[in-house]
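At position 363 of the sequence shown (counting the first as 1) the number is 363 in full-length UniProt numbering, and the numbers step up by one without a gap.
Derived by calculation from the structure, the hints in this document are not laboratory data. Every residue, glycine too, gets a C-beta built ideally from N, C-alpha and C. A hint or two may mislead.
[To be verified] Only pairs whose alpha carbons sit at most 20 Å apart, straight line, appear in this in silico EDC-like list of lysine to aspartate or glutamate: (1) 116 with 21; (2) 198 with 289; (3) 461 with 441; (4) 182 with 131.
[Said to hold, decoys possible] Simulated restraints on C-beta separations: (5) 20 with 471: 52 to 62 Å; (6) 456 with 361: 21 to 31 Å; (7) 422 with 236: 25 to 35 Å; (8) 373 with 445: 23 to 33 Å; (9) 39 with 416: 27 to 37 Å; (10) 216 with 455: 30 to 40 Å; (11) 462 with 371: 26 to 36 Å; (12) 465 with 125: 27 to 37 Å; (13) 334 with 236: 25 to 35 Å.
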Amino acid sequence: ILIANRGEIVERVIKTCHELEIETVAVYSTADAKAPFVSKATQSICIGPAAANKSYLQPDNILQAMSISGAQALHPGYGFLSENAQFAQAVLDAGHVWLGPSPSCVHQMGDKLESKAVAVQAGVATVPGHDGVVETLSQALQLCNETIGYPVLLKALAGGGGKGMRVCYNDQDVKDAWTVSKAEALSFFNNDQLLLEKFIERPHHIEFQVLCGRKENGDLDVVVFPERECSIQRRNQKVIEESPSCLLTPETRQTMAEQVVRLCQATQYQSAGTVEFLVDEEQNFFFLEMNSRLQVEHPVTEAITGVDLVKGMLYVGAGWPLPDEFQRDGIIMPHKGHAVEARIYAEDPLRGFLPSTGPLSPYVEPSSAQNTPESYVRVESGVATGHLVSPYYDPMLSKVIYYDQTRAGAIAGLSQALDEYVIEGVQHNARLVQSVLREPEFLKGNTPTSFLPTHYPDGFKGVKLGTSDLQELAAAAAVISDVRRTHFDRPSLGGQPNNSEVVV
Numbered sequence: 001i002l003i004a005n006r007g008e009i010v011e012r013v014i015k016t017c018h019e020l021e022i023e024t025v026a027v028y029s030t031a032d033a034k035a036p037f038v039s040k041a042t043q044s045i046c047i048g049p050a051a052a053n054k055s056y057l058q059p060d061n062i063l064q065a066m067s068i069s070g071a072q073a074l075h076p077g078y079g080f081l082s083e084n085a086q087f088a089q090a091v092l093d094a095g096h097v098w099l100g101p102s103p104s105c106v107h108q109m110g111d112k113l114e115s116k117a118v119a120v121q122a123g124v125a126t127v128p129g130h131d132g133v134v135e136t137l138s139q140a141l142q143l144c145n146e147t148i149g150y151p152v153l154l155k156a157l158a159g160g161g162g163k164g165m166r167v168c169y170n171d172q173d174v175k176d177a178w179t180v181s182k183a184e185a186l187s188f189f190n191n192d193q194l195l196l197e198k199f200i201e202r203p204h205h206i207e208f209q210v211l212c213g214r215k216e217n218g219d220l221d222v223v224v225f226p227e228r229e230c231s232i233q234r235r236n237q238k239v240i241e242e243s244p245s246c247l248l249t250p251e252t253r254q255t256m257a258e259q260v261v262r263l264c265q266a267t268q269y270q271s272a273g274t275v276e277f278l279v280d281e282e283q284n285f286f287f288l289e290m291n292s293r294l295q296v297e298h299p300v301t302e303a304i305t306g307v308d309l310v311k312g313m314l315y316v317g318a319g320w321p322l323p324d325e326f327q328r329d330g331i332i333m334p335h336k337g338h339a340v341e342a343r344i345y346a347e348d349p350l351r352g353f354l355p356s357t358g359p360l361s362p363y364v365e366p367s368s369a370q371n372t373p374e375s376y377v378r379v380e381s382g383v384a385t386g387h388l389v390s391p392y393y394d395p396m397l398s399k400v401i402y403y404d405q406t407r408a409g410a411i412a413g414l415s416q417a418l419d420e421y422v423i424e425g426v427q428h429n430a431r432l433v434q435s436v437l438r439e440p441e442f443l444k445g446n447t448p449t450s451f452l453p454t455h456y457p458d459g460f461k462g463v464k465l466g467t468s469d470l471q472e473l474a475a476a477a478a479v480i481s482d483v484r485r486t487h488f489d490r491p492s493l494g495g496q497p498n499n500s501e502v503v504v
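Hey, can you work out the whole structure from these sequences and the hints?
Structural data, given as structure tokens:
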């Protein structure tokens, strides 16, 4: 299996392949030549220079690597070409196995207009809005004032991840956003077409993981997993995810899962995917989109259900029925406990989230020595000490997942794990995540998508310590200073520490 990606998702796929005794091929750019994932694959092949559009986004280079390596199948990971229907078709046309949904499904779900139309036909609740592409600014203003009503969401037809997306509360907002959104959409997706829909205020972003295969009789087998709450976002990019959600009632969960099944049946979907919804505080929900790939946050689903989603994808790609671990009695896969995931980005939250680059030194992940089946930390990363964080790719360094029997236990465990995490050489957002984990509203589960801008309206300014915390730190600093002074004043040291004595 060739993994057409980079970083932590490559290592994640390699892990399952090794367990199944499947050989792997990693592809890499010149900037990633010394990245950890390169040496962990059975083979590794350079596919171009650092710029993604000359390496990881070059279909011909990847197909050539498949030919050279003798790989039989391709796993696209997420991002890059993972939701490119033309690339999926090219892989199949070259005689290889595409470990993902069919190219037609990738295209159908990637086109926001078509996916919404399919959802409506399947009986899935959708967000009110204009059913076609908005051609001009004047048309957008007319729709806002005469049909949809403010607030509205202006978003790119061809992409996701918050790119080309703007919330508008009045005509001036629309005028300001129009040119910027079109330019952003063209830059990221090579398509500047925009859509316009009603903006749902204070919603939760809730998604359902699915894995679809074929039963032995040929019928579609749709596995729906417990929902993930992904509402802690910065500029529409997820920062913290958890499962299950505190918001949904059992009745709403069941109704949403039934609609997810109908959507998968309508498209005859196969492989892993995620159906995303906006849910308001009255339990009204609206289909947002379907991601036709494995999600970044899939580990929280694996944690509470005990399954291996990558393994499931491999079985579907091989044409086999899903393994026994995916068997269930009802629509929704049974689960146990709670899991919370934090994405750790190389960006500085104290300076407006500016990207941070440079070599990691040192880099030490939280210890798993105390892990038990009932409570454990899981870290998925694609970096190590000495790794150079470059400006060419997404700034995510790792994902830290904590599983426990309760939500409170999972949150406390994640906070402790982040305390142990050592990341030097670049700035990162771990302190922001820890601050969120301590917020009373987060602890209550009150986490709409507006959480970060509401609680940090002027951006993250660091943690303000109380008097008792400051007193404890001052006392600790005084003790450390006294110990160091006493130690280094010994005659044998001549007032100078040696290399083995510089850490107190």
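Review point. Would the pair residue 182 and residue 131 pass a check requiring their Cα atoms to be no farther apart than 20 Å?
Key: At roughly 18 Å apart (the allowed maximum being 20 Å), residue 131 and residue 182 satisfy the hint.
Exercise for review: With 25 to 35 Å as the target window, see if residue 334 and residue 236 comply at their CB atoms.
Suggested key: holds, 32 Å
Practice item. Given the hint of 25 to 35 Å, check if residue 422 and residue 236 actually sit that far apart at their C-beta atoms. Key: The hinted range 25 to 35 Å holds for residue 422 and residue 236, with Cβ atoms some 30 Å apart.
Point to revise | Beta-carbon spacing of residue 216 to residue 455 - inside the hinted bounds 30 to 40 Å or not | key: violated, 51 Å
Review point. Do residue 465 and residue 125 keep their Cβ atoms within the hinted range of 27 to 37 Å?
Key: The hint (27 to 37 Å, Cβ to Cβ) is violated, given that residue 465 and residue 125 are roughly 45 Å apart.
Practice item. Mind checking the hinted window 23 to 33 Å against the Cβ distance between residue 373 and residue 445? Key: Given about 25 Å between the Cβ atoms, the range holds.
Exercise for review: Please work out if residue 461 and residue 441 have their alpha carbons no farther apart than 20 Å.
Suggested key: Given that 20 Å is the threshold and the Cα spacing comes to 19 Å, the pair holds.
Review point. Per the hint of 26 to 36 Å, is the separation of the Cβ atoms of residue 462 and residue 371 within bounds?
Key: This hint holds: roughly 31 Å between Cβ atoms.
Review point. Are the Cα positions of residue 198 and residue 289 separated by 20 Å at most?
Key: holds, 15 Å
Exercise for review: Return holds or violated for the Cβ distance of residue 20 and residue 471 against the range 52 to 62 Å.
Suggested key: holds, 55 Å
Check your understanding: Within 20 Å, alpha carbon to alpha carbon, are residue 116 and residue 21?
Key -> violated, 40 Å
Check your understanding: Measuring from beta carbon to beta carbon, are residue 456 and residue 361 in 21 to 31 Å?
Key -> At 29 Å between Cβs, range holds.
Hints 1, 10, 12 from the earlier list are contradicted by this structure; the remaining hints agree with it.
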